[in-house]
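**Q** The residues making up each chain are set out below.
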Amino acid sequence: MEDSILEMKSITKEFPGVKALDEVTFSVARGEIHCLVGENGAGKSTLMKVLSGVHPFGSYSGDIFIDGVVQQFNGIRDSEKAGIAIIYQELALIPELSVYENIFLGNEIHNGLVIDTNKTIQEAAEILKKVGLDVSPEVKVKTLGVGKQQLIEIAKALKKEVKILILDEPTAALNETDSDNLMELIKGLKQHGVTSILISHKLREVLSIADTITVLRDGKTICTLDNREHLVTDSVLIKHMVGRSIDNVFPRREKIEPGEEVLRLENWCAFSPALGRDILKDINISVRAGEIVGIAGLMGSGRTELAKSIFGNPDRFRVSGTLWVKGEEQKFRSPGDAIHSQLAYVTEDRKGNGLILIDDVRHNITLANLKEIATRGIINENEEIVIASNYKQSLNIKTPSIEQKVRNLSGGNQQKVSLGKWLFVKPGVMILDEPTRGIDVGAKYEIYTIMNSLVEKGMSIIMISSELPEILGMSDRVYVMSAGKIKGELSADEFSQEKIMAMAVDY
Amino acid sequence: MSENPKILEERAPSFLSEVIGLLKSNISQYFMFIALIVIMIFFTITTDGIFISSRNISNLINQMGYIAVLAVGMTLVIVIRHIDLSVGYLAGFLGAFAAIAMTAWGLPVYAVIPMVLILGIASGLLTSTPIAKLGVPAFVSTMAAGLIFRGALLLVTMGTGTIIIKDKVFNAIGNGFIPDIPDFGFLDNNHKVTLLLGALGIILFILSAIKGRKTKLSYNFKVPSMPIFILELVLIAAIIGYVSWVLSGYNGLSWSLVVVLLVVAVFTFITTKTPLGRHIYAVGGNPEAAELSGISVSKITFIVFGAMGMLASLSGILYASRLQSATTTAGLGFETDAIAAAFVGGVSAAGGVGTIPGSIVGALVMMSLTSGMNLMGIDISIQYIVRGAVLVGAVIVDRATRKGK
Numbered sequence: 001m002e003d004s005i006l007e008m009k010s011i012t013k014e015f016p017g018v019k020a021l022d023e024v025t026f027s028v029a030r031g032e033i034h035c036l037v038g039e040n041g042a043g044k045s046t047l048m049k050v051l052s053g054v055h056p057f058g059s060y061s062g063d064i065f066i067d068g069v070v071q072q073f074n075g076i077r078d079s080e081k082a083g084i085a086i087i088y089q090e091l092a093l094i095p096e097l098s099v100y101e102n103i104f105l106g107n108e109i110h111n112g113l114v115i116d117t118n119k120t121i122q123e124a125a126e127i128l129k130k131v132g133l134d135v136s137p138e139v140k141v142k143t144l145g146v147g148k149q150q151l152i153e154i155a156k157a158l159k160k161e162v163k164i165l166i167l168d169e170p171t172a173a174l175n176e177t178d179s180d181n182l183m184e185l186i187k188g189l190k191q192h193g194v195t196s197i198l199i200s201h202k203l204r205e206v207l208s209i210a211d212t213i214t215v216l217r218d219g220k221t222i223c224t225l226d227n228r229e230h231l232v233t234d235s236v237l238i239k240h241m242v243g244r245s246i247d248n249v250f251p252r253r254e255k256i257e258p259g260e261e262v263l264r265l266e267n268w269c270a271f272s273p274a275l276g277r278d279i280l281k282d283i284n285i286s287v288r289a290g291e292i293v294g295i296a297g298l299m300g301s302g303r304t305e306l307a308k309s310i311f312g313n314p315d316r317f318r319v320s321g322t323l324w325v326k327g328e329e330q331k332f333r334s335p336g337d338a339i340h341s342q343l344a345y346v347t348e349d350r351k352g353n354g355l356i357l358i359d360d361v362r363h364n365i366t367l368a369n370l371k372e373i374a375t376r377g378i379i380n381e382n383e384e385i386v387i388a389s390n391y392k393q394s395l396n397i398k399t400p401s402i403e404q405k406v407r408n409l410s411g412g413n414q415q416k417v418s419l420g421k422w423l424f425v426k427p428g429v430m431i432l433d434e435p436t437r438g439i440d441v442g443a444k445y446e447i448y449t450i451m452n453s454l455v456e457k458g459m460s461i462i463m464i465s466s467e468l469p470e471i472l473g474m475s476d477r478v479y480v481m482s483a484g485k486i487k488g489e490l491s492a493d494e495f496s497q498e499k500i501m502a503m504a505v506d507y
Numbered sequence: 001m002s003e004n005p006k007i008l009e010e011r012a013p014s015f016l017s018e019v020i021g022l023l024k025s026n027i028s029q030y031f032m033f034i035a036l037i038v039i040m041i042f043f044t045i046t047t048d049g050i051f052i053s054s055r056n057i058s059n060l061i062n063q064m065g066y067i068a069v070l071a072v073g074m075t076l077v078i079v080i081r082h083i084d085l086s087v088g089y090l091a092g093f094l095g096a097f098a099a100i101a102m103t104a105w106g107l108p109v110y111a112v113i114p115m116v117l118i119l120g121i122a123s124g125l126l127t128s129t130p131i132a133k134l135g136v137p138a139f140v141s142t143m144a145a146g147l148i149f150r151g152a153l154l155l156v157t158m159g160t161g162t163i164i165i166k167d168k169v170f171n172a173i174g175n176g177f178i179p180d181i182p183d184f185g186f187l188d189n190n191h192k193v194t195l196l197l198g199a200l201g202i203i204l205f206i207l208s209a210i211k212g213r214k215t216k217l218s219y220n221f222k223v224p225s226m227p228i229f230i231l232e233l234v235l236i237a238a239i240i241g242y243v244s245w246v247l248s249g250y251n252g253l254s255w256s257l258v259v260v261l262l263v264v265a266v267f268t269f270i271t272t273k274t275p276l277g278r279h280i281y282a283v284g285g286n287p288e289a290a291e292l293s294g295i296s297v298s299k300i301t302f303i304v305f306g307a308m309g310m311l312a313s314l315s316g317i318l319y320a321s322r323l324q325s326a327t328t329t330a331g332l333g334f335e336t337d338a339i340a341a342a343f344v345g346g347v348s349a350a351g352g353v354g355t356i357p358g359s360i361v362g363a364l365v366m367m368s369l370t371s372g373m374n375l376m377g378i379d380i381s382i383q384y385i386v387r388g389a390v391l392v393g394a395v396i397v398d399r400a401t402r403k404g405k
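Here the protein sequences come in this chain order: H and X. Quick note: the first sequence, position 304, residue 304 per the numbering used here, numbers continuous. Quick note: the second sequence, position 190, residue 190 per the numbering used here, numbers continuous.
Just so you know, the hints here were simulated from the structure itself, not pulled from any lab data. Treat the hints with caution; some may be incorrect.
Claimed, not checked - Computed from the model, here is a short list of chain X residues facing chain H with C-beta under 7 Å:
1. A209
2. K211
3. G212
4. T215
5. Y219
6. T274
7. P275
8. R278
9. N286
10. A289
11. E291
12. L292
13. S293
14. G294
Heads up, the beta-carbon is just placed ideally off N, CA and C, and yes, glycines get one too.
For reference, chain H alone in the conformation it holds in the complex:
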């Protein structure tokens, strides 16, 4: 019997109408890095919420043992006392406060009345050193990038006596460099005896770091694999996650000869008044009908800004240069103008600026093109129901009904609603910004299939993505961006991960 620091036995957790966890058994050895993988909705986050006391003792059945002792957590405070720290995908930092204030938030060092600022800063500096973060503890968190903020979250956790560190998709919003740094940090913590549980969709990352991998599917433990020798492969993992093997992660597409040029940018520059600097410099790109053009680059290289500056410039950058759409020069003053010229933009951040979460599937799908279903200024709701139902069916949106609030759908299905919404504007060119971020393998495959069928019908897709395999697997051509510039263009027969990466880090 191995020395287990944590054992969760026969955990069952039910929500009204769903069994989120069904007799899940999960055992973590002392000092290891244990990865938890599974499709969205497999129960990973729920299991971690049971462990951290978010779902209190009594709301689930089964037992949690830490160091062989049964635990009954009634809240996060209890689990923290037992040495468990959890870091969520959405960061819980307060941007307007400084780094040290954030690290000690809720645990301020004080003399009974007044906060001891000097001592706090000193201790914060030491903790920052531990996570290898070289910033002043006194700067405001909002001035730091996502990668550094992630490290501050970890610093915050380390300040407490942590035995088990849980990270829920910590690299989802990080670029490759920051991800690598984070992985190194987790390995470093292992040397110091910290046990880590890592939830991730990025299988490459999982395979490189995990000692043990547990796969969950539909609320059940499917298997636990020993990866100390790094012998597990991604196809094995994928097979366990989806219960079937995907021969090819990217669906095949008949290569067709691209048609006429549909979009062209010349000497495109943008200046952000909010940031006070140039964010796009001298961009020249061209997109033809029936092509998927990938835009690769690291986070912060200006890809989303490029998309927004084309799509009616809602952030009010100062833009110069020329934009041609279908051979006509265009000066869009708003996203409405861009939509009118048959452009569509599926945003990177579905929840933030993509969908109306409190509204239902039907209203979200028709929102950008209401005039299509309105006769004499009145919306024909029956027609709307037909349209929304058709998209539900053709995009395989899994929802009990089109009247369901989008908030209640899983990430993959929300993304399909987003796609439906933008397909309904009948676009000629569709910009997809991180189309598969945070969604599970099965839904990814479906979205790739949809993309392929769209370009086969003659649509053009500009796909912004941080995932290199996706860029390589889907694009006909790739532009690589770095620091607001196009660093190079690669065609399908010449690109490779190494070539793209080399351009992306070329500042």
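Following the hints, complete the assembly by docking chain X onto the known chain H.
**A** Coordinates of chain X only, in the frame set by chain H:
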């Protein structure tokens, strides 16, 4: 995908379970309406039936007109995540302006009313310019505008104090009733045109409901079962019928109520049936997503505040007309009542949620409380406390029922 979705066998639900299902899924919508009926029954019992008398109901409705129209506008303002604290004094100022235009300048009422409505729109647009164009919080911008309107009201009434309005047409808006046909020996104690209009309303409602159901069926959509459909028709017909009957027992339909019904009908139509209405809710639900969907958030902000300004001027007209005068304190606290009505009626301060009929029910709840407690002779101090408790209670229940879903 991996497996076929389980096909659930659909059984025709029993009548009772369908009713319960409908109630359950719409509890937050129906709750305030049910609460309103409970409140009305309570006051009817405690006042020995005086509360439900034709005369009292008629008064209650005519008194709430100027708050009801404000509540309609406030609903939209809150839906797009803003607030308008200026409307009380705007109503007061424009009421006084109307009085001066008629009495001092001798302008005809038919010119004065459109003029005041346009002034209201202009004021709303002006107030919202810093909000829509510069991102100034609505709380600040409208509070400042409220102070300015208050000053303007004092300024225009400085020389005269209260201005008495003598125009009969103008005063009829707040006090008059629609004309009746002469008695002919049948239902002589009732207002016959009101009853006729009530009957007409019921017929129109039933016809449009049947047509809507037929269209839905032609699309092969699921519709409520026939018994439920008939129950719904009967219930709503009964409410329209009862209200017209009660009103016909006093002086019939008042011009105030006509104005309110028109405003409610027009704004309900716009919010539920038109792209503009969808855009308003989209801006409230997620402004950034709305902007990226081609909706101009600043344009919607101007439209909503412009409509609010127009409704504030209508409110001022109704109030001045009801008092047959413009006073220096007109408008005091109107905005608070309108905001309270909207919140009681289920509008969410987080934006994107709230209906116009809901806010009208909210206004009726607050007005019924005032009227009922007045009849019971309860001191004004207690009245404020009760209304405050009902306001916060309603919002708590609303949140709880929404979360439950």
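**Q** State for each hint whether it applies.
**A** Hint check results:
For A209(X), the shortest C-beta to C-beta distance to chain H is roughly 15 Å, which exceeds 7 Å, and the interface hint is violated. Interface hint at K211(X): violated, since its Cβ lies 12 Å from the closest Cβ of chain H, which is beyond the 7 Å cut-off. Given the 7 Å rule on beta carbons, the hint for G212(X) is violated: about 9 Å separates it from the nearest Cβ of chain H. For the restraint placing T215(X) at the interface with chain H, the shortest Cβ-Cβ distance is roughly 6 Å, inside the 7 Å limit, so the hint holds.
For Y219(X), the interface hint holds, the least distance from its beta-carbon to any beta-carbon of chain H being 5 Å, beneath 7 Å. With its C-beta approaching chain H no nearer than about 6 Å, T274(X) sits inside the 7 Å limit, and its interface hint holds. With 7 Å as the threshold, the beta carbon of P275(X) comes within range of chain H, its nearest partner Cβ sitting at about 4 Å, so the hint holds. Interface hint status for R278(X): upheld, as the beta-carbon distance to the closest one in chain H is roughly 6 Å, under 7 Å.
Annotation: N286(X) was flagged as interfacial toward chain H, and the flag holds, the nearest CB pair being 5 Å apart, inside 7 Å. For the restraint placing A289(X) at the interface with chain H, the shortest Cβ-Cβ distance is roughly 5 Å, inside the 7 Å limit, so the hint holds. Of the supplied interface hints, the one on E291(X) holds, with its beta-carbon coming within about 5 Å of a beta-carbon of chain H, less than 7 Å. Interface restraint check: L292(X) against chain H, minimum CB-CB distance 5 Å, threshold 7 Å, status holds.
Among the interface hints, the one on S293(X) holds; its C-beta lies about 4 Å from the nearest C-beta in chain H, closer than the 7 Å criterion. With a cut of 7 Å, the hint placing G294(X) at the interface with chain H holds, because the nearest CB-to-CB distance is about 4 Å.
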